[in-house]
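K.L.:
Starting from the known structure of chain A, fit chains B and C onto it as the hints suggest.
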Amino acid sequence: MTPINISLLLFMIGLYGVISKNNLIKKIIGLAIINASVVLFFIAIGYRESGLAPIMSRSEAVDSANKIFVNPIPQALMLTAIVVSISLTAVALALVVKIYSKYKTLDVQKLYEE
Amino acid sequence: MKKYYYIVLLIIMTILIIGSISPEYGNPRNMDYINYYLEHGVQDTGAINLVASIYLDYRAYDTLIETVVLFMAVIGVTFILSKGK
Amino acid sequence: MKNSRIIRTLAQKLLPFIFLFGFYLTFHGHLSPGGGFQGGVVIATAIILLTLSYGIKETENRFKEKHLSVLEKLAILAFIFLGLLGIFFGYPFLKNFLPLGQRGCIASAGLMIPLNLVISIKVAAGMTGIFYALVKYRGEI
Numbered sequence: 001m002t003p004i005n006i007s008l009l010l011f012m013i014g015l016y017g018v019i020s021k022n023n024l025i026k027k028i029i030g031l032a033i034i035n036a037s038v039v040l041f042f043i044a045i046g047y048r049e050s051g052l053a054p055i056m057s058r059s060e061a062v063d064s065a066n067k068i069f070v071n072p073i074p075q076a077l078m079l080t081a082i083v084v085s086i087s088l089t090a091v092a093l094a095l096v097v098k099i100y101s102k103y104k105t106l107d108v109q110k111l112y113e114e
Numbered sequence: 115m116k117k118y119y120y121i122v123l124l125i126i127m128t129i130l131i132i133g134s135i136s137p138e139y140g141n142p143r144n145m146d147y148i149n150y151y152l153e154h155g156v157q158d159t160g161a162i163n164l165v166a167s168i169y170l171d172y173r174a175y176d177t178l179i180e181t182v183v184l185f186m187a188v189i190g191v192t193f194i195l196s197k198g199k
Numbered sequence: 200m201k202n203s204r205i206i207r208t209l210a211q212k213l214l215p216f217i218f219l220f221g222f223y224l225t226f227h228g229h230l231s232p233g234g235g236f237q238g239g240v241v242i243a244t245a246i247i248l249l250t251l252s253y254g255i256k257e258t259e260n261r262f263k264e265k266h267l268s269v270l271e272k273l274a275i276l277a278f279i280f281l282g283l284l285g286i287f288f289g290y291p292f293l294k295n296f297l298p299l300g301q302r303g304c305i306a307s308a309g310l311m312i313p314l315n316l317v318i319s320i321k322v323a324a325g326m327t328g329i330f331y332a333l334v335k336y337r338g339e340i
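Going down the list, the protein sequences come from chains A, B and C.
This note's numbering numbers the first residue of the first sequence as 1 and each following residue consecutively.
This note's numbering numbers the first residue of the second sequence as 115 and each following residue consecutively.
This note's numbering numbers the first residue of the third sequence as 200 and each following residue consecutively.
Okay, chain A solo, but in the shape it has when bound:
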């Protein structure tokens, strides 16, 4: 069970939460789980066998002595993905607050009948 398989499992768990839960807040939690699984997938792609974190050392002699580093590019891209996940959750929660203050319920089946 490599991290790529675990990220796909997390994606399916999040998708199950979005589809088949009747509460609006649980659907939003499912969205956040899907975002986390995408971040895990991208970082797990860039792994190299017995690689170190991409942070160099302070002196020049220790460094670049046949050290294997992990791919630093997907880690820099995932900062943007995390910020997108935060802003999505924030705006979705604001909409849920407005819906509750007007209809007094958070159940999707009851909201369909309104």
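Note that these hints are calculated values from the structure, not bench results.
All values derive from a computational prediction rather than experimental measurement.
The reader is advised that the hints may include incorrect statements.
With a straight-line Cα cutoff of 30 Å, these simulated DSSO-like cross-link-like pairs (lysine-lysine) come out [unchecked claim]:
no., chain 1, residue 1, chain 2, residue 2
1, A, Lys102, B, Lys117
2, A, Lys26, B, Lys197
3, A, Lys98, C, Lys272
4, A, Lys102, C, Lys212
5, B, Lys116, A, Lys21
6, C, Lys263, B, Lys197
7, A, Lys67, B, Lys117
8, A, Lys21, A, Lys98
9, C, Lys294, C, Lys212
10, A, Lys67, B, Lys197
11, C, Lys335, A, Lys27
12, B, Lys197, C, Lys272
13, A, Lys98, C, Lys265
14, C, Lys212, A, Lys98
15, B, Lys116, A, Lys67
P.N.:
Same frame as chain A, but now just chains B and C:
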């Protein structure tokens, strides 16, 4: 009733996908770009943290648009939850 | 949650240390894992802790909403101004033109330290603004 069809489809997709992906784990393909960042990162930017040198020096324009995305989230939340007349 | 004296005292005493940790993560962004986004979120966490333990009215007397919103907009304009500063000196937009120091010191890597500082201020003010807007809503449609 439609929800049960979706859940059965999800379970079948999960089993098929997890069983079929087995990457040649631990060897990225395009090593040219990665080798450029690992070799010349410190002497071009002077920062030890290579991830910071990527998103603050080589691709600082994306970080600028990133902060604008966060600003749009604040605008969205403030506008939705405002006391309009 | 509002009448617990232990939580109120502890939150007030811990506040400067959380700010210090947030600024440590920001200023060492080019030497160790961290940077602007991470430090900004930690600083916003300090103000959220204060809100949870004292109530929204007293916290808003200290960290006003208007000041935070002006600070956030100034931070974005400062980012763009730091990029245009390179154009005044003849370099491309957002190029690292300040002197790169000695590797491993804090005073290295040119334009990265002001950019980290500006990003951290913006993220902290943004997160606190979102939190204030969600807490202060009183059910008006």
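K.L.:
Hints first: check each against the structure and report whether it holds.
P.N.:
Okay, the hints, checked on the actual structure:
1. A:Lys102 x B:Lys117: 27 Å, holds
2. A:Lys26 x B:Lys197: Holds: Lys26 (chain A) and Lys197 (chain B) sit about 27 Å apart, inside 30 Å.
3. A:Lys98 x C:Lys272: 26 Å, holds
4. A:Lys102 x C:Lys212: Distance ~40 Å between Lys102 (chain A) and Lys212 (chain C) Cα, so the pair is violated.
5. B:Lys116 x A:Lys21: At roughly 13 Å apart (the allowed maximum being 30 Å), Lys21 (chain A) and Lys116 (chain B) satisfy the hint.
6. C:Lys263 x B:Lys197: The given pair, whose Cα atoms are some 18 Å apart, holds under the 30 Å limit.
7. A:Lys67 x B:Lys117: Status violated; Cα separation ~52 Å.
8. A:Lys21 x A:Lys98: 20 Å, holds
9. C:Lys294 x C:Lys212: 41 Å, violated
10. A:Lys67 x B:Lys197: This hinted pair is violated, its Cα atoms lying about 58 Å apart.
11. C:Lys335 x A:Lys27: Judged against 30 Å, a Cα distance of about 24 Å means the pair holds.
12. B:Lys197 x C:Lys272: Measuring from Cα to Cα gives roughly 22 Å; hence the hint holds.
13. A:Lys98 x C:Lys265: Distance ~23 Å between Lys98 (chain A) and Lys265 (chain C) Cα, so the pair holds.
14. C:Lys212 x A:Lys98: Judged against 30 Å, a Cα distance of about 36 Å means the pair is violated.
15. B:Lys116 x A:Lys67: At roughly 54 Å apart (the allowed maximum being 30 Å), Lys67 (chain A) and Lys116 (chain B) break the hint.
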